[in-house]
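*Asks:* Okay, here's what each chain looks like letter by letter:
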Amino acid sequence: MVTLQEAPSVTAPARRPRRKGDGRAAALYLAPAGILLAALLAYPIYQLVLISFYDYGQPQAAGNAPLVFLGFANYADLLSQAQFWTVLGKTVGFAAACVAGSLVVGTGLAVLASRVRSLPRMLLFLAALGAWSTPAIAGSYVWLFLFDTDFGLVNEVLSGIGLPFEHHSWTFGTLGAFGLVAAEVIWCSFPFVLVTMYAGIKGVPDEVLEAASLDGASVWRTTWTIVLPMVRPLLMIATVQSIIWDFKVFTQIYVMTNGGGVAGRNLVLNVYAYQQAFAGQEYGLGSAIGVVMTLLLLSVTGLYVRAQRRSAAWL
Amino acid sequence: MAVKRPGRLIAEVVTVVIAGIVAFPLYWMLLSAVKPAGEIQSASPKPWTLHPSFDSFSRVLTVSGFGRYFVNSLLVALVVVALSLLLSFLSAVALTRFRFRGRTVLLVMTLVAQMVPVEALTIPLFFLMRSLGGAVPALGLNELGSLVLVHLAFSLPFAIWMLRGFVAAVPVELEEAAKLDGASRMRFTWQILFPLVAPGLVAVSVLAFIHAWNDFLFAKTFIVSKTENQTLPQAILVFFKPEDTDWGAVMASSTLMTIPVLVFFVLVQRRLVSGMAGAVKG
Amino acid sequence: MRLLPFVAGLALLAGCAPTQSAPAGGGGDDKTGTVRVWLFDEANRAPKDAAVKEAITEFKAAHAGVEVDVQWVPVEGRADKFSGAFNDPANAPDVAEFGNTDVSSYAATGALADLTGDLAAWPEGKDLIPTVLDTAKSGGQTYGLPWYTGIRALYYRTDVFTELGLKPPSTLSELTDTARRIRAAKPDLYGISVGGKYTYAMLPFLWANGGELAQEQGGKWTSTVTGEQAKSGVTQYANLLKDDICPPAQCANLTGTQSVTAFAGGKAGMTIGGDFNRKAVEQGAVKGKYAVVPIPGTTAGSIAPAFAGGNLLGVFKASKHRSLALEFVELLGGAKYQEKMYTAMGNLPTLSSVQQKLAANEEFLKPFVDTLKAGTKFVPATPAWSKIDSQNVLPTAVQQIATGGKDPSAALADAAAAMDKAFG
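Here the protein sequences line up with chains A, B and C, keeping their order. Heads up: the first sequence begins at 1 in our numbering, then just goes up one per residue. Heads up: the second sequence begins at 316 in our numbering, then just goes up one per residue. Heads up: the third sequence begins at 598 in our numbering, then just goes up one per residue.
Because the hints were derived from the structure by calculation, they are not lab data. All of these numbers come straight from a predicted model, not from anything done at the bench. The beta-carbon is built from N, C-alpha and C at its ideal position, and this holds for glycine as well. Mixed in with the good hints there might be a few duds.
Computed Cβ-Cβ distance ranges for the label pairs, DEER-style [unchecked claim]: (1) A:Gly93 / B:Val386: 41 to 47 Å; (2) A:Leu303 / B:Leu376: 30 to 36 Å; (3) B:His366 / C:Pro620: 55 to 61 Å; (4) A:Val104 / C:Ala882: 39 to 45 Å; (5) C:Ala882 / A:Ile161: 23 to 29 Å; (6) A:Leu79 / B:Val578: 31 to 37 Å; (7) B:Lys541 / C:Lys817: 51 to 57 Å; (8) B:Leu376 / A:Ile161: 53 to 59 Å; (9) A:Phe69 / C:Ser1006: 58 to 64 Å; (10) B:Thr419 / A:Phe69: 50 to 56 Å; (11) A:Arg306 / C:Lys817: 31 to 37 Å; (12) A:Arg306 / B:Phe369: 36 to 42 Å; (13) A:Val104 / B:Lys541: 15 to 21 Å; (14) B:Met424 / A:Gly93: 24 to 30 Å.
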């Protein structure tokens, strides 16, 4: 009898006996990637942490000014700025909305796609792939055009059908601007969730679904109580990836809110870091922000994963 | 799945409508690329144009070096894809099938590596590439090799993460059986395991391609004085002149940038779906 | 046991320091070889390219065994290119075009050659307009030859003014009134299209009212935007971003380019635009229906001090062809090619003789040249300025005042604090 609540788990390694020379073979297989990652990721990250403890700007990088060790001064400076905390709060809210949106839209469409024949499904997938392959900067400008205050199609259509949207500025209000950008981000990120979840849904064995429908469960109930729990590990991967990507959004906010909105009220962390640090070549402060962002993301995903731990031995 | 017919029809109509909505911004991008200059930013935009013109496209294609930049981007993306497949496969095999200490730590580190905001790493990477260029010229600054290296490094963590699940899904019994038949571990890995994880490889290649193709940050940081090695996104930048942005050309070049990715996607989309599924098994 | 990696990590950190480049070594003075030149790219590069090619031909004819290699740098992406040149002198060109607002931060990297003596010795150097030459200086030394300058003035719709019986404003308060009247009579138009992010349009208001951005004492800069005069100037500008002139919902976030685009598209009665915006306006819906006057000051007949924008040609210290580079700069920056650049690109020359000659023939240039003559000002010549600029300190203050988020004193106090922090 198929146990429905148990998601696929990693049991293979546990059953495998320890082989002699495993360590050595592993080292050989891992060497190419390992060396590359050590050199191009670990070392720069190490430098990043190092730079965050110094006063490091363009003159220092060019060798024209001496390095001044600041200890935690960059961090203290950053954490004492009220704006940092406001921006952080907004980033968390914005990212949460984007993640939730992508997951709901992606999963919902995946369920829909699994119920239709291949032609409509193909059309949906093609559209989604198109959205996914649009470079962030192109997507941002197109959306900006469509929602432009004076020249945008959306305003014209909405005011054409009688709604009061003549010359409505979508990017002026704080929430409005965040909403618009979130819509664009969801538009280009839901395809990833769609494809992942669709694959998961397709992977649910037919016998399980037939048994449920024989038992009289409606389509909706089947989805909610059987299919979704089975694809939970996939959902978790999609969520973690979305959290990481949406927290680091830069291009869409920068382009669509003209650099952070009116008086910087639409700033998210990555854009804030750019304006406060990188644009002015203050790499020390910028590195500190980078470290803080990484630690934040680590805690957020750590908490999420821990909460999901009991469902699948996914590690 | 037994679905009632009218229910399915409604679902299909909804699906097609949603597909249309999702595709609309793309349509708008293409439309703006063929609209004549006066119509792009007009007070009453229309979702069609009666005078399509390929003017914007010709402006883009005649930007000096456009063809060359396109080839550069393509070259970098394809090499990154090929190398990602190789390296991530090897690593995934090692991490899944071999028992050794520190396995979990490494896995977690690959996740952490994706969290670092990439802009913050440009200066250390710049200096690293400069030193590397001293030792191996083809991999240094101003060379496409440096872009290949850095994109490889940034796409490997996710690739390893994805392939791991796939490799773990291949039953251990298969390997045992192969060993009994006298096959060496090496042979098993390449002749049996590799083809079995094909869908996962496809997923990895698509993501690596997108990542390398759309990159703007590293290309503009590393390619400084040798403009012949610039990549496509940098070529588009010239249309963003501060006083006088050429929107038609921006849309045309964006369209040109999107097409190869879309083509790549369409070619692999069936395999992509099963690739995503397998990623989590195990 | 768990402490060990931590301690090891600390030891590693303590013993190491971030990578730095070796400082730009002295260059060389080869008389042959390839001179590398970086120039700003244009979307329509052909005219500039043609003028530059002419200069190159002339240059090569005068110097045997010399090639000139020009690289076109997109303005929006220049920061990384120049960073790359600063961080790795091997990447640096011999000659580069850059904006005068970048002078101080570039000079601080030690990568640019000091041209003070060279320009003093240059025969045409005496003809350089002094206020424009000042914008090329940092710490008393000159780091570039001013190639062209950009000045802003007031564009207005002649048809709208005739229809409403208005005349071009002669003071800033008249400007506000005129703008209000335009919008009251024609609600679809902005009275004047300006934006919260259009700092270079705000500065004339600040300066005309007698305010200053910052002052220097003994090498240390302090912000002075909280002064009464500065405050009234900024507030006067921010008051243009009100519903009765240019509603904040549409205008609070506009940049200079967007403001001019709105005017060119026929959506505004006036705008503040540069001589370099001429082509964009000519191509717009308002062709033939506009005229330009200098931005008025606070008293009738005065002209508000304009921001002296512009680009310079500089030489890199690491250049291996010092004299050749300098000669090429002097050739491109000389009267002959400044005039050609005007014809090709509409760039306002920096040599007063050339300016006068052109102004005599071109009606369009008159208000800009008059503004220049009346006196221009610049931003604080310190590397901290680019930080202040990228942090959007002034636009934020203007936007806070315009949207009512903060009152002028509070908004400017915040701005001053941010400026002082950047000044160090």
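*Asks:* Hints first: check each against the structure and report whether it holds.
*Replies:* A quick look at each hint next to the structure:
no., hint, in the structure
1, A:Gly93 / B:Val386: 41 to 47 Å, "holds (43 Å)"
2, A:Leu303 / B:Leu376: 30 to 36 Å, "violated (50 Å)"
3, B:His366 / C:Pro620: 55 to 61 Å, "holds (58 Å)"
4, A:Val104 / C:Ala882: 39 to 45 Å, "holds (44 Å)"
5, C:Ala882 / A:Ile161: 23 to 29 Å, "holds (27 Å)"
6, A:Leu79 / B:Val578: 31 to 37 Å, "violated (47 Å)"
7, B:Lys541 / C:Lys817: 51 to 57 Å, "violated (42 Å)"
8, B:Leu376 / A:Ile161: 53 to 59 Å, "violated (39 Å)"
9, A:Phe69 / C:Ser1006: 58 to 64 Å, "violated (38 Å)"
10, B:Thr419 / A:Phe69: 50 to 56 Å, "violated (35 Å)"
11, A:Arg306 / C:Lys817: 31 to 37 Å, "violated (51 Å)"
12, A:Arg306 / B:Phe369: 36 to 42 Å, "violated (56 Å)"
13, A:Val104 / B:Lys541: 15 to 21 Å, "violated (46 Å)"
14, B:Met424 / A:Gly93: 24 to 30 Å, "holds (29 Å)"
Violated hints, in rising order: 2, 6, 7, 8, 9, 10, 11, 12, 13; the structure is consistent with all others.
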